[in-house]
Amino acid sequence: MTEQIKVRRVPAGGSILQRLSGDRPARPVYLALALLILLGWLLVALDGGQFVSLENIVGIQQRSAALGIVAVGQTVVILAGSLDLSVAYLISLNSLVAAEIMAGGDGAVLPGVTTVLVVSALVGLVNGLIITRLRVHAFIATLGVALIIRGLLDQRYDGPAGSVPASFLHIGYDRIGPVPVSALLWAAVAVSAWFLLSRTRLGYRIYAVGGDAEVARLSGVRTGRVVVAAHVICSVCAGIAGLLLVSRLAAGAPTVGTDGGYDLESIAAVVLGGTALAGGRGGVAGTVGGVLLLAVLDSVFNQLEVDSFAKDVVRGVVLVAALAIYARRRRTA
Amino acid sequence: MKRSLPIFVVLAALLVAIAVANPYFLDPPAFLAFVKRAAPLVILAAGQYFVIVSGEFDLSVGSLVTAEVVIAARLIDGTAAATWPVMVLLIALGLLAGLVNGSVTTLLRVPSFITTLGMMLILSGAVFLWTGGSPRGALSPQFRELGRGSLGPVPWSVLILVVTAAAAIWAMRADFGRTLVAAGDNDRAAALSGVRVPRIRTIGFMISGLSAAVAAILLGGFAGVSAQVGQGLEFQAITAVVLGGVVLGGGRGSVVAAMAGAFTLEALFTLLNLYGISGALEPAVQGFIIIGAVALGAVNFRRRRPAVA
Amino acid sequence: MTGIGKSFLGVRVLQGVDLEAAAGEVHAVVGENGAGKSTLMKILAGVHIPDEGTIEVDGRSVEFGHPVEAQLAGVAIIYQEFNLLPERTVAENVYLGREPVRRGLVDRAAMEKATGELLRSLGEKSFGPRDLVRRLSVAQQQVVEIAKALSLNARIVVMDEPTAALADHEVELLYTLVRRLAGRGIAVLYISHRLREIFELADQITVLKDGARVTTAPASSLDAGALVRLMVGRELDSYFPPRAAGPPGEALLSVRGGGNDRLHGIDLDLRAGEIVGLAGLQGSGRTELAKALFGAEPFTTGDMKPRRPRSPRDAIAVGIGLVTEDRKAEGLLLNQQVRDNAVLVARATGRPRSGTDRLLERVRLNPPRPRQEVRLLSGGNQQKVVLAKWMTVAPRVMLFDEPTRGVDVGAKAAIHDLMRELARDGTAILMISSELPELIGMSDRIVVLRDGRIAGELPAGPTEEAVMRLAAAS
Chain Z
-15 MTEQIKVRRV PAGGSILQRL SGDRPARPVY LALALLILLG WLLVALDGGQ FVSLENIVGI
45 QQRSAALGIV AVGQTVVILA GSLDLSVAYL ISLNSLVAAE IMAGGDGAVL PGVTTVLVVS
105 ALVGLVNGLI ITRLRVHAFI ATLGVALIIR GLLDQRYDGP AGSVPASFLH IGYDRIGPVP
165 VSALLWAAVA VSAWFLLSRT RLGYRIYAVG GDAEVARLSG VRTGRVVVAA HVICSVCAGI
225 AGLLLVSRLA AGAPTVGTDG GYDLESIAAV VLGGTALAGG RGGVAGTVGG VLLLAVLDSV
285 FNQLEVDSFA KDVVRGVVLV AALAIYARRR RTA
Chain L
764 MKRSLPIFVV LAALLVAIAV ANPYFLDPPA FLAFVKRAAP LVILAAGQYF VIVSGEFDLS
824 VGSLVTAEVV IAARLIDGTA AATWPVMVLL IALGLLAGLV NGSVTTLLRV PSFITTLGMM
884 LILSGAVFLW TGGSPRGALS PQFRELGRGS LGPVPWSVLI LVVTAAAAIW AMRADFGRTL
944 VAAGDNDRAA ALSGVRVPRI RTIGFMISGL SAAVAAILLG GFAGVSAQVG QGLEFQAITA
1004 VVLGGVVLGG GRGSVVAAMA GAFTLEALFT LLNLYGISGA LEPAVQGFII IGAVALGAVN
1064 FRRRRPAVA
Chain V
213 MTGIGKSFLG VRVLQGVDLE AAAGEVHAVV GENGAGKSTL MKILAGVHIP DEGTIEVDGR
273 SVEFGHPVEA QLAGVAIIYQ EFNLLPERTV AENVYLGREP VRRGLVDRAA MEKATGELLR
333 SLGEKSFGPR DLVRRLSVAQ QQVVEIAKAL SLNARIVVMD EPTAALADHE VELLYTLVRR
393 LAGRGIAVLY ISHRLREIFE LADQITVLKD GARVTTAPAS SLDAGALVRL MVGRELDSYF
453 PPRAAGPPGE ALLSVRGGGN DRLHGIDLDL RAGEIVGLAG LQGSGRTELA KALFGAEPFT
513 TGDMKPRRPR SPRDAIAVGI GLVTEDRKAE GLLLNQQVRD NAVLVARATG RPRSGTDRLL
573 ERVRLNPPRP RQEVRLLSGG NQQKVVLAKW MTVAPRVMLF DEPTRGVDVG AKAAIHDLMR
633 ELARDGTAIL MISSELPELI GMSDRIVVLR DGRIAGELPA GPTEEAVMRL AAAS
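Protein chains in written order, with our numbering: chain Z, -15 to 317; chain L, 764 to 1072; chain V, 213 to 686.
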């Protein structure tokens, strides 16, 4: 039998990534990413610029780090068959919580970080419980929670508040060689999520619940807990993204999350990476590719000095086109 | 119909609560003013209903409303003569956006959440690309008449709302509406029974686009030109529909209840204002109520769910 | 299980049911739809909690609040519709919810090794633990389900209509598997509508009727007639309505050389007033042929008269109707009222509809409540709604794909009567059924498919052996 298993292994070609991540759908997004980088390099070169510059590479990494972290969290909930529209406001809330607490100086950094993570986890818990216990559709549940957070923010803040000690700014601005600390943070979050999804029981169950909740339930999976756990993970990721943004802005801002459009954009990045919106199929590797794709696109536009509104148009087209291609592949496969 | 009863109870309770705080509220002028304010959202909710009941989402209506208003302002630029042609153009644009949403979703099989999200990005990007970043031009007084003015004591928007509602109810009772629900309930079974599922869903999207165009005409008149006029309206419309007991995923719920959901949302805003809850806290209260209402609906539904022996 | 009782919303579904299954025994549980078999089994599997009564496993009294508790106590259930995740591997499915861990992490290697051993012990060589379930056939998926039950060290395995989706040669393999399970000292509770299987496999038979146990008896003490009498109080003889007397009329639909990627060189005539049975093993292309005639997966080559439909809508316009194999997924709008379902085809194609209520009476919907939501109906009544849906537009050609699957004996007879009536009124009928006695009892002639080609044709009333010879010859 072991012989047979070996024979049955996925064909070797182009599958290192596959075996590494366990999610097949990730491949096309990296192909697209490679093509885009090539195209970007060509266009920028024709334009007389230099695409592959240290500055640009660092820029791409920094731009994508916050979105990347949120999108990793979003991947986890989407795989579980849910969705989180509250991340943008949660990021804003976290930026303020962090900045208000850290205004106390270096000694307050740790309490600040802890509080943010705890607040995030609680919000995730609330999201999860509303969905599983009150049986509210995830779309409405997280939209409702988003509105609640927004109300609290509007009530208490008119503009930036709090501050962070200089030591905390290192996270946002330092880099090790060509790699910014923020990108390392993103990588750490992504690797942890990948590990969680492919090597732990919780990860297996997230796929199971997203694939078919009834099947999972009948196999003894406590589906409610899995969904709640996925939401806690997603919200904690939003918390980490909030911390990262605070370390950039040096203050908390009530609009930092919504200005970045982290809610819908993170969902876009996840589906660009080939994860099924309905859950149960996909993975973190694809999401990382999706985020990088968006960031490189951004960077090309910046270098070519294209109007920012044109970026939105292209993003919309890319998103819809990518999903149309996935749908086609799946039908013909 | 049983499913949608709770929303009418909630709406009635809210109206009573408003009337208690403001005894004049139920007088015709004040009440008409309320209906007038609610009209755009109710119309959007009715349009959104056609998409949701067929099993899809339309996230693009908010940016479509913005785009329509901005386009109208730039094209009309204050000239009265351009009013009517531009209105026709706006209606056509709304239908076109719906056609694209519907075709991409049904023919290319892109999930409608993503299709309409893409449309949202494209519309807002394209419009501001065209106007250079902020709205330009101005609406003509004639254009604004529909959103602001009245025919005798009755505001134009209320009349338009009545016509829209009647048309929506009629459409849902007609074969078109019943087959749309069929497509939302089980698209395979519908297709194997001869329903042209892609076409009928696309028409649903076009109705949603049309409703966005009408809402834009009313909102442009009522509130004037701004880049934020349609912001968040897609979520409000979806919320209203769901408040009305319409199930995300399709096949269940009535259009009357969806419109009642929109009225409920608007009544809620009015009530919050009356009781002096600051504008800032408004979203929070809204969030609680939405979750609460949908949760109650879910619990109710569960209790009535039959045993499958 | 002793004195099991259960009510849903005040409706008594089970009352004082006792059931005892011994180790190493195949115990059939039979009864009409709605007799309470599935509920009883779901109570045993911990899906439902009984209102009264006790359950003992290996002499220990147990109470299950959740399926997992039943699993831990050694009860595994294999449902009619499979409970597998198509996007996950075989091993991941077998160990779903119980993944082996080492140092806190899932031990993939151990999981795959154990799954491989299970598959081997079941004699399964056609796939391995790393294959995606999506890529497996129905029969292979069933093996995965059984491997899952074995991995639970189950003492009791419940199989709910396990052959419903299998072709005859796969059924044979299943019999072997069931006997193998019993041979390991496992008690197999076997639910089926098919009498032949029951007598083939069962040591003991328990008959349920209206939520109560009628009897438990050794299989050897019963015959088919007696069993049906116990289930419904009716003789087996009245099973099939008499065939039409006269010769068939003109051909209403004919295909010459019809083909697509699943079918080759199909020549077929369907004549007015005639019921043509379509036999064949699973995968022989029966459903595909029905769908091709109906334009759902159209022919790409060949001629068809009156014309080759491009889509179901086109087929309906030509006067063809299809009762699909899977009524929940492809036939019904479960959340809509009976009436909306009954007029769906007429509505979709803009045809007149009248006398829906009369039609619902004609299909013997019981009780005839046109405003009831379809999901609340029993399987038999649901199928009658599907029939009503087509009868509103009175197609000249009707294709029936497994019209009586999962339908109780009473409704089955009603459906057979209706098909005969339609034929008498001049409709041309094609009928697919995996139950050979049904196919033979109903058909005026039988066309046998093999590997997407017509293997031969038999006149009315052939023996089962004759059909099988054509279907399985290689």
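Among the hints, a few may not be true.
[As the list claims (entries may be wrong)] FRET-style restraints, in silico, Cβ to Cβ:
1) Z:288 to L:989: 51 to 61 Å
2) Z:140 to L:795: 20 to 30 Å
3) L:925 to Z:139: 48 to 58 Å
4) V:275 to L:1055: 33 to 43 Å
[Said to hold, decoys possible] Far from chain Z, by Cβ distances over 12 Å, these chain V residues were calculated:
5) 258
6) 278
7) 281
8) 283
9) 295
10) 365
11) 386
12) 395
13) 436
14) 453
15) 571
16) 629
17) 665
18) 667
19) 675
Just so you know, the hints here were simulated from the structure itself, not pulled from any lab data.
Glycine included, each C-beta is placed from N, C-alpha and C at the ideal position.
Tested hints:
no., hint, in the structure
1, Z:288 to L:989: 51 to 61 Å, "30 Å, violated"
2, Z:140 to L:795: 20 to 30 Å, "37 Å, violated"
3, L:925 to Z:139: 48 to 58 Å, "37 Å, violated"
4, V:275 to L:1055: 33 to 43 Å, "35 Å, holds"
5, 258, "9 Å, violated"
6, 278, "7 Å, violated"
7, 281, "8 Å, violated"
8, 283, "6 Å, violated"
9, 295, "4 Å, violated"
10, 365, "14 Å, holds"
11, 386, "21 Å, holds"
12, 395, "22 Å, holds"
13, 436, "33 Å, holds"
14, 453, "39 Å, holds"
15, 571, "35 Å, holds"
16, 629, "36 Å, holds"
17, 665, "26 Å, holds"
18, 667, "31 Å, holds"
19, 675, "41 Å, holds"
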